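Asker: Now for the letters of each chain:
Number of protein chains: 2
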Amino acid sequence: MALLDEALAGSPQALARVISLVEDGDPEGQALLRQLYPRTGAAYAVGITGPPGAGKSTLVDALTRTLRAQGRTVAVVAVDPTSPFTGGALLGDRIRMQDHAADPGVFIRSMATRGSLGGLAPTTSDVVRVLDAVGYQVIFIETVGIGQAEVDVVGAADTVVIVLVPGLGDTVQTMKAGIMEIGEIFVVNKADQGDADRTVTEVKMMLALGPRTGGWDPPVLTSIATAGRGVAELLEEIERHRRRQEQAGTLPARRRERRRREILRAAEQRLHARVLAAAARSQALEALTEQVHAGTLDPYTAAEELLKAL
Amino acid sequence: MALLDEALAGSPQALARVISLVEDGDPEGQALLRQLYPRTGAAYAVGITGPPGAGKSTLVDALTRTLRAQGRTVAVVAVDPTSPFTGGALLGDRIRMQDHAADPGVFIRSMATRGSLGGLAPTTSDVVRVLDAVGYQVIFIETVGIGQAEVDVVGAADTVVIVLVPGLGDTVQTMKAGIMEIGEIFVVNKADQGDADRTVTEVKMMLALGPRTGGWDPPVLTSIATAGRGVAELLEEIERHRRRQEQAGTLPARRRERRRREILRAAEQRLHARVLAAAARSQALEALTEQVHAGTLDPYTAAEELLKAL
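The listed protein sequences correspond, in order, to chains A and B. In case it helps, our numbering puts the first sequence at residues 1 to 310. In case it helps, our numbering puts the second sequence at residues 1001 to 1310.
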């Protein structure tokens, strides 16, 4: 418990250690999460996603700088879809963030996505929870938005920002079902590199086609993050979205729904672990695999037999 | 059952209908899968993946042409990660395949990825199974390889081909953990557009760093699919990999392991559906959500309570 106290007292080393325990699914990490939980709820989480190369990290860096100038503390959880072969390929992006290395008001954590069944999402929301509990006021969840896993990741956010670049066609093609729908603020970054206005129009047209609920009309901004242009405007839109949700009372409902999904997901993870453990102990899975492999049983019936056997 | 007989007799309309039932998770589709299962096992499934724009569809088209010239039947399952906003964005690629529209020896099916929890993989392997049962000899599973879902998709293949383009840096960054590891044949396509030799060298270097098992040294080829260059060589490597697995006896083991994973996955899907159904019937989830939302209970304990209650 000394570790938790140290993290709560502001030790970045202790905080990093707590996060590692949580990420690793360590029982100690689970215990820490339970203890931290009552301290959570004050932070505002902003999901930032978009295709590779859209300049998300630079934008998050610029937003962090602006928030720090306003005296607010910031944590960044960067979920990097790197291959183990290239290891820290995206860490290059993070090097810029070293500007903040001496600033205790900024904490940056890169998470590699893990290739395990069930995806990466569960620990991302847990890491956000830890950062919330130790007092970071704004938490950016940055990821490359191309898959369902990323939709889940930004689902842990209170506001979802989608970063695009001029010249949309190919980009949108690579964005999976669901990612455009979850955007609440759109930013066409690198606005100096191409026809940004046309892309803004295209995004607005797409948004007009899609279903929208809650009376929020997603703004479509432009930015040049490297020059700091459009950053204050983006922050203002994030704040406006926050106020809107607070005034309409939708933020508690959104967070409540998130809690509901988290409980279900945690229940499923536990169930998944139990099924695997039970399958490993029992002979049933091997026997059924043999029959399916031999062609005397189909996998669907085998699945039902397996569940009966466990 | 008339439908199944028609599909087995070679009606592409009946086949398309069977696949739709399977894709929709329809009970009739499940029943058809059970009936088809004993007829499967003769097809050879080749997974083709890589980043957007690598020319995978053109390559699959060229491979299909070559296989047809050899008298072999071909089915293509194209898993398209399109947004509902752009609908058939990738269908442009498929239009080329209309060359084969009048050829009963070729069947092409596009599947949109669905944003549901659990991902798209289960139905992909089911669709492959249907195509196998009705007698297609070679089945290409084509997808955009950037996420875990795609790793699962190509996991349904007997040989996995990864298509890259010259200039690797950015490309590899967008490929998730696990995707390079599963490649058994690498092709640097669009070899006329950039320094393909350098990319070949880079891929070989990365492969040298990674773990390899089974005594197969993944070849790294070049191709210009639009001009048909390198296609025969790629096909020869696929054949060589097939022969290698057959001679070493590893193909049955690989397929057996796949059956094992399919049974587990089908069991989990059923369990997942049951948890959701039970949670919907019971008051437990709502009551627990309320407590977690109020901060009097943490989501991890709530998950355990939920499982106890169901």
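Simulated from the structure, these hints should not be mistaken for lab results. Only a predicted model underlies this, so the values are computations on that prediction, with no experimental measurement involved. Please note that the accuracy of each hint is not assured.
Stretch by stretch, here's where chain A covers chain B in the computed footprint (C-beta under 8 angstroms, at least three residues) [claimed, not checked]:
#1 1006 to 1018
#2 1155 to 1166
#3 1239 to 1247
#4 1253 to 1261
#5 1303 to 1310
One-sided and incomplete, this derived list gives chain B residues near chain A with beta-carbon spacing under 8 angstroms [said to hold, decoys possible]:
#6 PRO1104
#7 ILE1108
#8 LEU1264
#9 ALA1266
#10 LEU1285
Using N, Cα and C, we set each Cβ at its ideal position, and we do this for glycine too.
Asker: Do three or more residues of the segment 1253 to 1261 of chain B come closer than 8 angstroms to chain A, measuring C-beta to C-beta?
Answerer: holds (count 4)
Asker: At a threshold of 8 angstroms, is the proposed contact between ALA1266 (chain B) and chain A supported by beta-carbon distances?
Answerer: Since chain A brings a Cβ to about 3 angstroms from ALA1266 (chain B), closer than 8 angstroms, the hint holds.
Asker: Take the shortest C-beta to C-beta distance between ILE1108 (chain B) and chain A; is it under 8 angstroms?
Answerer: violated, 19 angstroms
Asker: At a Cβ distance under 8 angstroms, does chain A reach at least three residues of the segment 1155 to 1166 of chain B?
Answerer: violated (count 0)
Asker: Test coverage of the segment 1303 to 1310 of chain B by chain A using CB-CB distances below 8 angstroms; three residues minimum.
Answerer: holds (count 4)
Asker: Using 8 angstroms as the Cβ threshold, decide whether LEU1264 (chain B) counts as touching chain A.
Answerer: holds, 7 angstroms
Asker: Per the CB criterion, is PRO1104 (chain B) less than 8 angstroms away from chain A?
Answerer: violated, 27 angstroms
Asker: Should the interface hint for LEU1285 (chain B) be scored as holding, given a Cβ-Cβ cut-off of 8 angstroms against chain A?
Answerer: At about 7 angstroms, which falls below the 8 angstroms cut-off, the nearest Cβ of chain A leaves the hint on LEU1285 (chain B) intact, so it holds.
Asker: Quick one: see if chain A covers the segment 1239 to 1247 of chain B, three-plus residues with Cβ-Cβ under 8 angstroms.
Answerer: Contact hint for the segment 1239 to 1247 of chain B vs chain A: violated, 0 residues under 8 angstroms.
Asker: Test coverage of the segment 1006 to 1018 of chain B by chain A using CB-CB distances below 8 angstroms; three residues minimum.
Answerer: violated (count 0)
The structure is inconsistent with the numbered hints 1, 2, 3, 6 and 7, although it conforms to all the rest.
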